[in-house]
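Those protein sequence lines, which keep their order, are chains A and B.
According to full-length UniProt numbering, the first sequence is numbered sequentially starting from 1.
According to full-length UniProt numbering, the second sequence is numbered sequentially starting from 1.
Read the hints as simulated data drawn from the structure, not as lab findings.
Which bits of chain B does chain A cover? Going by a derived footprint, with three or more residues having C-beta under 8 Å, they are:
no., region
1, 151 to 161
2, 164 to 174
Here are the simulated SDA-like cross-link-like pairs (lysine to any residue), alpha carbons at most 25 Å apart as the crow flies:
no., chain 1, residue 1, chain 2, residue 2
3, A, Lys93, B, Glu147
4, B, Lys151, A, Asp15
5, A, Lys93, B, Gln148
6, B, Lys94, A, Tyr17
7, A, Lys93, B, Leu173
8, A, Lys93, B, Lys151
9, A, Lys93, B, Arg247
10, A, Lys106, B, Arg164
11, A, Lys93, B, Val149
12, B, Lys151, B, Met82
Yeah, the Cβ is synthetic: ideal placement off N, Cα and C, and Gly gets one too.
Take a look at the letters that make up each chain.
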Amino acid sequence: MTALVIEHLEKVYTDSYSGDEVVAIGDVSFTVERGEFVSVLGPSGCGKTTVLNTVAGFADPTSGTVSVDGREVSGPGPDRGVVFQGHALFPWKTVLGNVVFGLRMKGVKRREREERGREFLELVGLAGFENRYPHELSGGMRQRLGVARVLANEPAVMLMDEPFASIDAQTRRRLQEDLTRIFEERRPTVFFVTHDIDEAVFLSDRVVVLSPRPSTVQEIVTVDLPRPRTWKAAVDHPGFRETVARINGLLAVDAVRDRDGAGDQESDGSAADVR
Amino acid sequence: MWLRLTRSPAFRTLGPFVPVIALWWVLAESGLFPQAFFVGPDRVVLEFVELLRKGILVGYLGDSLERLAYGVGFGLLIGLPMGFLTALFWRLRKAVWPILLFFQAIADIAWLPIVIVWFGFSLTAVTFVIVYTIVFPLMLSVVSGVEQVPKELIRAARSLGAGRVRVFFEVILPGALPSVATGVRTGLGYGWRALVAAEIIVGTSGIGFMMFDARRVGDVSQVFLGMVVLGVLWYMLDALVLAPFERATVERWGLVRSMEDDR
Numbered sequence: 001m002t003a004l005v006i007e008h009l010e011k012v013y014t015d016s017y018s019g020d021e022v023v024a025i026g027d028v029s030f031t032v033e034r035g036e037f038v039s040v041l042g043p044s045g046c047g048k049t050t051v052l053n054t055v056a057g058f059a060d061p062t063s064g065t066v067s068v069d070g071r072e073v074s075g076p077g078p079d080r081g082v083v084f085q086g087h088a089l090f091p092w093k094t095v096l097g098n099v100v101f102g103l104r105m106k107g108v109k110r111r112e113r114e115e116r117g118r119e120f121l122e123l124v125g126l127a128g129f130e131n132r133y134p135h136e137l138s139g140g141m142r143q144r145l146g147v148a149r150v151l152a153n154e155p156a157v158m159l160m161d162e163p164f165a166s167i168d169a170q171t172r173r174r175l176q177e178d179l180t181r182i183f184e185e186r187r188p189t190v191f192f193v194t195h196d197i198d199e200a201v202f203l204s205d206r207v208v209v210l211s212p213r214p215s216t217v218q219e220i221v222t223v224d225l226p227r228p229r230t231w232k233a234a235v236d237h238p239g240f241r242e243t244v245a246r247i248n249g250l251l252a253v254d255a256v257r258d259r260d261g262a263g264d265q266e267s268d269g270s271a272a273d274v275r
Numbered sequence: 001m002w003l004r005l006t007r008s009p010a011f012r013t014l015g016p017f018v019p020v021i022a023l024w025w026v027l028a029e030s031g032l033f034p035q036a037f038f039v040g041p042d043r044v045v046l047e048f049v050e051l052l053r054k055g056i057l058v059g060y061l062g063d064s065l066e067r068l069a070y071g072v073g074f075g076l077l078i079g080l081p082m083g084f085l086t087a088l089f090w091r092l093r094k095a096v097w098p099i100l101l102f103f104q105a106i107a108d109i110a111w112l113p114i115v116i117v118w119f120g121f122s123l124t125a126v127t128f129v130i131v132y133t134i135v136f137p138l139m140l141s142v143v144s145g146v147e148q149v150p151k152e153l154i155r156a157a158r159s160l161g162a163g164r165v166r167v168f169f170e171v172i173l174p175g176a177l178p179s180v181a182t183g184v185r186t187g188l189g190y191g192w193r194a195l196v197a198a199e200i201i202v203g204t205s206g207i208g209f210m211m212f213d214a215r216r217v218g219d220v221s222q223v224f225l226g227m228v229v230l231g232v233l234w235y236m237l238d239a240l241v242l243a244p245f246e247r248a249t250v251e252r253w254g255l256v257r258s259m260e261d262d263r
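Let the hints inform the model, and build the full structure from the sequences given.
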C-alpha cells in the first residue's frame, strides 16, 4: 500500500526583492510505500527541503499534488511528523513532555500517553532522561528525542530534514545505525532528506536522486542491501559501494551543470537550514 | 570572616549604599550647603520616625501604592491582550503600528493637563496616566517576544497535531514569556515614575504630593525622605518580585538561544 504520493510537484518563488521568478521545483513525482524508507538526495540548493516542506504542509505547491494515505495534503497535520535539522524541541518542556506532546494534542489520557512516551524513549535509548530538559542533552540525544517525539505520535509518514547534518561524524554513525535498527523494528514509513550519499544508501530502500534547480527526479535508485544493516557490514558489501559510486556519478554530472547554471542557496523560507 | 561577610546577601544588597550614604553625610556636615537646602541622613531618619509616628507616611504610602496597583492592574489587563492581538494578526498590526508609535511619543505627563480637565484631581486621572505609560512599552515588548519564537517550534507543534489555539498556548505564550517579563518590569518602572509625577501635579495625597507640599512649606527633609522612600520601595519591588521572575524566564530562554547556537 502506498503511503505517500507526490505528483508533478512544482514550486515557483517570486523573489520579493528583484521580483524575479525562481523555479525551485520543476517537476517532481515519486511515491513512498508503507513501511518503506526513501531518501531524497541532491546537490545543495536543489530544492529537496522545499519538497519536504511541501509534504509537511509548511509550503503550498504552485501546482501538483501531495497525498498521504489517499488524502490530499493541505497544511501541516499529525499524519506527517517532522524531525528537524535544528531538532525544534520545546525548551520549556521536559524530555517526557516533549515526547507526549502529540498524544496530548490528540487527547490521549495522561497515564496512557506517559506509558507510550516512556516506551518510545526506551526505543531511542533515552530511558532515564524523562525529567531532563532538552538543553541538558547532547546534540545526538536531542535528535533521538526528535525522532521519539514523532514516532510516539504514529504518523503515516515520518519526514526527516537532514536530521544528522549538524552532528559530529562519530555520533552521526551511531545515530544512523540506531535509526536503521528502529526502522527495522517498527517499520515506520520514512521520507528522509539528505545531501550525504553514504547516509542515503545506508538507510534507504530507495534513493530519489534530484537534479539541480529547477529540480526534477533524475533517477530512483533501489538499494539492494540485506537488513539488519550495520556500518561494519555495509562498507564491506560490494552492493553498497556500487550504489554509492553510481549515485556519485549521477551527481557528478550535475556538478558540472551546476557551475553553469543554478545558484547555490536553498530557495526556501527555512533560513535555519542555511546556517 | 571578611569573605563570609561579603558573600552574604544582606551585604551585597546594602553594601553599595554605604559609601553613598557616607558621602551624603559628609557633604551635609561640611556646611557647604545651608541646612535649609540640604539635610543629612540623620535629619531624614528623624523625619521618617516623626511621620511614621503621626501615621502620615503610612497613609500616603498606602495611597501611592493603591494608585500604582490600579494603574498597573489595568495597564496589564489592557496591554497584554492588545500586545498579543497586535503580534498575532498581521493586518491589525499594520493598522495599529503607526498609532502606537505616535502615542508612544507623547510623554505621559503631557497628558496631565487634559486628563485633569476630563477627570479632575482624582484617582481616575492618576490611573489613566499610569495605564498610558505602561501599555505602550508592554505592547511593543509582547510583539517582539512573539517575533522571537522560532518558526520551527510552531511548525513542529503544528505537525504534531496542535491547532492554532493550542499553538498559541503551548508555544507562542511560553516562547514570548521572557520578553513579556522584561516588558512588565520596564513598564512598572515607568509607571512608578509616572505615578510620582502625577501625584505632584494632581495629588491630594501620596508620596509625590508629600514631597511637593513639603517644598511649599520649605521643609527640605521631607523632600529628601520622599526620594529615599521612592528608591527603597522600587528597589524592593524589583529585587524581590520582578527580577527573580524575569531571571527565571530569561534564563530558560538563554538556554534556548545557546541550543540554537551550538547546532
